[in-house]
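There are 2 protein chains.
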Amino acid sequence: MSEAHNKKAIVLLSGGLDSATVVAIAQSQGYTVYALSFDYGQVHKVELHAAARVAKAQQIEQHAVIKLDLAALAHSALTGSGVVPKHRTLEEIGEGVPVTYVPARNTVFLSLALAWAESLNATDIFIGVNALDYSGYPDCRPEFIHAFESMANLATKIGTDGNQIRIHTPLIAMTKGEIVRTGLALGVDYSITTTCYDATESGEACGSCDACLLRLKGFGENGIADPAPYRALTE
Amino acid sequence: MSEAHNKKAIVLLSGGLDSATVVAIAQSQGYTVYALSFDYGQVHKVELHAAARVAKAQQIEQHAVIKLDLAALAHSALTGSGVVPKHRTLEEIGEGVPVTYVPARNTVFLSLALAWAESLNATDIFIGVNALDYSGYPDCRPEFIHAFESMANLATKIGTDGNQIRIHTPLIAMTKGEIVRTGLALGVDYSITTTCYDATESGEACGSCDACLLRLKGFGENGIADPAPYRALTE
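Here the protein sequences come in this chain order: B and H.
For the first sequence, numbering that gives the first Met the number 0 begins at 0 and goes up steadily by one.
For the second sequence, numbering that gives the first Met the number 0 begins at 0 and goes up steadily by one.
Pulled out of the complex, with its shape left as it was, chain B reads as follows (with noise of 0.2 Å):
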């Protein structure tokens, strides 16, 4: 924890519950934390109101926000051309390349971060992937992020340089509960943040797709209710 004491790292935020833990355990670890958000063409909008929300609130360096038009290349359920599946069992959630995959996601996000770090003198890179929950979708894998910190290290001047890039995935293991569990005991406050892939624009989450389904089971194994918006769960 002191090694890394007022060392910098970039976070990749998006205003979830995962990416609002995760900046909660670099901060933790002495990490000065650069966030970093994407404006993709997503349906959901209001997620980087959620990232503006929680940059604020856990008083983050700086917060950088991307456009990027990956629209325009990569087709899939979050950017527009497709429908969010509702309520699937966990099961079905965990199984396959789900329509929500936006191709190459991971890869694109964490190549922006790499860019950023270097020129931030930057050493750490933090993503909130989970390779239990999300093992259909490639790039949350350990063995992906193994391979791109390996490639991070030859790409850049800083890691030719004798440094080492690392790429943390401090919830890859998690279960959602365990996740809740160590925002909690961090003072994440979950209230702001915004997992939903339908919620309205005012933030209100669906409660029936895929991330909110993990999400509402990951209160549920702490036994507290999600403090988030939700809307009448009538539809």
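In case anyone wonders, no lab produced these hints; they're calculated from the structure.
Heads up, the beta-carbon is just placed ideally off N, CA and C, and yes, glycines get one too.
Each hint can be trusted.
Part of the chain B face toward chain H, derived, beta carbon under 7 Å:
1) A103
2) A114
3) F143
The calculated lysine-lysine pairs, modelled on BS3-like cross-linking and capped at a C-alpha distance of 25 Å, are:
4) K85(H) to K156(B)
5) K66(H) to K44(B)
6) K156(H) to K7(H)
7) K55(B) to K6(B)
8) K44(H) to K66(B)
9) K55(B) to K7(B)
10) K55(B) to K66(B)
11) K66(H) to K55(H)
12) K85(B) to K216(B)
13) K6(H) to K156(H)
14) K85(B) to K156(H)
15) K44(H) to K85(H)
16) K156(B) to K6(B)
17) K55(H) to K7(H)
18) K66(H) to K66(B)
Starting from the structure of chain B, add chain H where the hints point.
Relative to chain B, chain H alone:
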């Protein structure tokens, strides 16, 4: 050549001599070319005009230009915060990491090419990196390319479905003279390409920056004049 017939390839296209040659090489190998360019806050927008000319002249299948706010994250002479060096010797050009280095640039560009490749169900990406002239750029070295390729195959649905994503670097071991000779043999019209780091708005090259010096050397080695426009070399 026949095995690649009608196969799709993404080609990173800057509008310079190298990438115009790469388009011709990919086409000569039977690939249908999808060209990808970036508007990343570079000083010389003129290269985007050159990319559009090359895309048209070489009759590529589709040309996408992605607007990318890289300048917000990275500082270099190519994104407006430095001075382009002039009149350096070829030895000076080859040494160290140049001021024109854009942090993680090829990582970011290849990542977006990968996103497009996965969307198009394509497995082949071409990039005109050269390890001889640009030895100072870590992301132009073969070991970086190999690491990116390994990562890409773990990052994507297409890469984990039994296909092999390949990053093609046909120029990586060529001298500039060999690149020019290859392109001329394939009918590339170099008069419409722009390589200069400091071109005028109408596309006239300066003749004295690193890129111009290397390019002029390439034509010189073939005993012919560069057909591209240069402004009066009296500065």
